[in-house]
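> If you want the building blocks of each chain, they are given just below.
4 protein chains.
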Amino acid sequence: MGKLTKPLRGIVVPMITPLNDFDTLDNQGLEKLIEHLLAGGVHAIFILGTTGEGPALSYRLRTEIIQKSAKLINGQVPLLVGITDTSFVEAVKVANVAAEAGADGLVLAHPPYFPAAQPEILNYLEHIAKELPLPMFLYNMPSHTKLVFEPKTVRAAADIDGIVGLKDSSAKMVYFHELQRECADKPDFSLLVGQEELLAETVLLGGHGGVNGGANMKPKLYVDLYNASVERDYDKIRTLHKEVMAISGKIYNVGAYSCYLRGLKCAMSCMGICSDALSEPFRPFGKEDRATIQQYVDELGLKA
Amino acid sequence: MGKLTKPLRGIVVPMITPLNDFDTLDNQGLEKLIEHLLAGGVHAIFILGTTGEGPALSYRLRTEIIQKSAKLINGQVPLLVGITDTSFVEAVKVANVAAEAGADGLVLAHPPYFPAAQPEILNYLEHIAKELPLPMFLYNMPSHTKLVFEPKTVRAAADIDGIVGLKDSSAKMVYFHELQRECADKPDFSLLVGQEELLAETVLLGGHGGVNGGANMKPKLYVDLYNASVERDYDKIRTLHKEVMAISGKIYNVGAYSCYLRGLKCAMSCMGICSDALSEPFRPFGKEDRATIQQYVDELGLKA
Amino acid sequence: MGKLTKPLRGIVVPMITPLNDFDTLDNQGLEKLIEHLLAGGVHAIFILGTTGEGPALSYRLRTEIIQKSAKLINGQVPLLVGITDTSFVEAVKVANVAAEAGADGLVLAHPPYFPAAQPEILNYLEHIAKELPLPMFLYNMPSHTKLVFEPKTVRAAADIDGIVGLKDSSAKMVYFHELQRECADKPDFSLLVGQEELLAETVLLGGHGGVNGGANMKPKLYVDLYNASVERDYDKIRTLHKEVMAISGKIYNVGAYSCYLRGLKCAMSCMGICSDALSEPFRPFGKEDRATIQQYVDELGLKA
Amino acid sequence: MGKLTKPLRGIVVPMITPLNDFDTLDNQGLEKLIEHLLAGGVHAIFILGTTGEGPALSYRLRTEIIQKSAKLINGQVPLLVGITDTSFVEAVKVANVAAEAGADGLVLAHPPYFPAAQPEILNYLEHIAKELPLPMFLYNMPSHTKLVFEPKTVRAAADIDGIVGLKDSSAKMVYFHELQRECADKPDFSLLVGQEELLAETVLLGGHGGVNGGANMKPKLYVDLYNASVERDYDKIRTLHKEVMAISGKIYNVGAYSCYLRGLKCAMSCMGICSDALSEPFRPFGKEDRATIQQYVDELGLKA
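Protein chains in written order, with the working numbering: chain P, 1 to 304; chain H, 1 to 304; chain R, 1 to 304; chain F, 1 to 304.
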């Protein structure tokens, strides 16, 4: 499709994966979901990331999701596909599936499990970039990989052919600003923030956008906040930022564990978009927590 | 083969994977290595664990290693196979490959990447145990998974059909002793320690053995220390424990990063057993570090 | 003096402590420094915080610094005094010294050493607030205390008489925005950010100001950035924010350890304001690192 | 008194501090407690450590405790005094109080609050050792200081006049064995373990003893386990080690937070030895948790 702007800007929604059970796709849910996201005006869709439970799914299911999503999106917005894997070879395989299905870009975090030093991860990036059929975004995700791409590693990676940006989910804005300083001479290198609570300030201070899970629920809100931030419309920013804070303060704070993933999927289910089934080892909320989420969904006016 | 004792006792060597490059097996190395380990008297061989770089290898290569190792070991000692995976379905697939090749047991750490709470991981174990064709050992590996199996979770897991023991690589002996206290009524549940530096005290205080990487280099030393500990031969314990400390203090402390894996493989290469090639994202030592390892190998009298 | 606004707004400089050696005040340095800060237009001065090495100093020296600073500042701006202490009783004693010297407020982090749970720290705050002779700011400083004031604890603390605000040095803006959401009904409760790299976004999104170490070197820069952020002067913000990033990217990144404190004090010494002596266990930079700082000081145009 | 053996061996009890409230000594409790400890045959008494809540107490109270303890112990066993402090000068002051009262040794962890690098902490030790009037033990306490004395730092410190040993509360036996390897040529340098759960293996593998909080409750048990370990009486070791595990598994696992300190003091109160009052910011257990502790005290046969 080749619709990736340089740099990629705006709201990239890290799409949840509608499931019927841990190894079965919720086809109807997927259709409704993609329609919902496109109607909300998101600038790109990123599947099989953390929010998409990518690494927990079988390769068979990942292939199915890639192919069906590509078909449903049908070039209306760029499609990014997560390929993070413990194994180099398997990551490349998923990338090839994505390219064949017509995806536009790839997203890659550190290979989980083995801790890697900065020179090792840079070697790895140099090696894998040569094998990948599509442009690739780095994915800084220390809460899950326990590793970071240090600013100097990112600057070096920005010189590698095929590496076109970074999604930072560290929630550390000092780090994000250091990236901006390091990459000041690479204006086409996209710097996106993971946490929706940090979207406004990211864009106000020169970042290119957000990869925000909340956009699954109310895509237009995040798109509007992005636009208000680009336009420096402070009153709008303040109002929308508060709404973003209210959503995450409520939906992601129910239950005793795995609150983000379970809360988000439960809300999508309460909104009637798709099932709240999860991949292993996760389980949906029980009745009580679901009732709380339903109440929040109503209070917050979230709807399909 | 069915040769797993209840509980499994002794030295289980977490075998390194001899490679020619990140996706090619060093066949000759594998042959020499297994011969070396069997000659040293190890009680079992565990392939595709952390030391075996399992999660970093392609499934094709993992299958090849399982099949060739099974053939070479040929039932002389039990063969355990690591199946740790981000994906439930893929873990089960590797388990089936192992069973078909004639392996005797499986080893499973937390699925990497997604943090899971204790109730989630217990659900996961209950689910996966039903799908596995062979007995399974839990693998507590917080340095890589950033998660632990809490003692009460382990006790609950010990009641699940097919879960027969635990390898603890947390290096926390207070935790290990808590496991022993929790599982006091399960004398067939095997409790093994990962760190070779802790082998003597583990066995002296009632643990069943060790899964010790150093046994790749000098299997007989660890077997002797295990036996001395079982026999409470205190003078022998002191002497052998010091030799164990000398090996790990030297071989695992060269280079600036990934010292354990790179040091161990480099030593095996200096000993003439196999190549020091590693999976992605690792690289073998350069000349200078290799010279240091060679010197240590000589000093310590390590040989094939 | 009673000059604390409600809420306190602007740039509160966490003043370094000019020393001749670990237990001797650099009197001339203190004079020059306070003059420099006041000339730069800072809104308040905070002594004996982390940047001021407070907890590392003897009580005799802390008393001397409080009394001399109060005299030199002479009511031109509010004076805040750090009282963080492992011991409740000793913290109150320093508070009384501060009140007698004419200080305007106190700053209190978690008592270091013993980890405390949220209910414990809230009890502690309720107890100590009754004993303190001056209004008190909480100081969220997880890098040093390894503990946080959770948002609900902060909201509860905001209802305690005498607790008037919080300085957040966690560098986590999601947390900061959660504090804002929790304290939305307490508009007089001051929320200030520790990291100067986060000053602009803090103020743009409704925070009250910064407690920024860099203001020791160039107070006017941080005051200007604060003002530009209040006035939403976007072009100015971008320019000044970049200068702030350049200063911290350089001055705080020299040397192998304790880079912030040693870099900052070395810069102040290169600027001719005071000695670079430090409290135990710190030592000033050696020749080479000092030369690098001198070069940066020149490049960045830092001057007394 | 000068009764410190070289190296110090056996059970050093880290004495709790009997309090009536956060700043008042429980004099009667102190008397009973010291009598209880001496009757149990402990080899030394260590006051004002972590278990003794040292850093949380006022200096006035610390002085009182030192003087009264010294008088009550009256040279029957060596008396060690904790001097860990955020401030170098104040640590030395407490050391002088201890020496004047007739104490035999000092115990010093990293100064809390400011993180220090290894060269810094070594400089600090060199400096402070010159100022101290008594022999000093290092105290490796990463759970509270978030720092460690690395093995090479310990080896260097062992060459400093006046530094005579180390108490390791890291609970990491690999680290402990590395210390033993580093200090193999310093047979007079005492290496003691903090966790009572690790006492047996420590002594079996050549360590000199334990500084174990449980010895407040049942000093004879820990002394017996130490002796059995010295004598390699394995059957006794197994039995006593299990009793040690039962005590810590129960007494330290009640309540939602600060379980060790609150559980231990509550048990001592249930045993009729002293009050369960704690220093700030701690509070004694409520009725329900106290009832659980009382039940455990009865089950375990703990008595004055």
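Calculated directly from the structure, the hints in this document are not laboratory data.
Hints may contain errors.
Just so you know, same-sequence chains aren't split out, so a pair can sit in one copy or run between any two.
[What the hints assert, rightly or not] Derived pair list, reagent style BS3-like, types lysine-lysine, alpha-carbon separation capped at 25 angstroms:
| id | residue 1 | residue 2 |
| --- | --- | --- |
| 1 | LYS242 | LYS68 |
| 2 | LYS236 | LYS186 |
| 3 | LYS220 | LYS32 |
| 4 | LYS152 | LYS32 |
| 5 | LYS220 | LYS3 |
> Give a verdict on every hint.
Status of the hints after comparison with the structure:
1. LYS242 x LYS68: neither (35 angstroms within a copy, 44 angstroms between copies)
2. LYS236 x LYS186: between (30 angstroms within a copy, 22 angstroms between copies)
3. LYS220 x LYS32: Answer is within: at 16 angstroms inside a copy they meet the 25 angstroms cutoff, but 54 angstroms across does not.
4. LYS152 x LYS32: neither (42 angstroms within a copy, 37 angstroms between copies)
5. LYS220 x LYS3: Answer is within; shortest intra-copy Cα gap is 21 angstroms, inter-copy 45 angstroms.
In terms of the numbered hints stated before, the structure departs from hints 1, 4, listed from lowest to highest.
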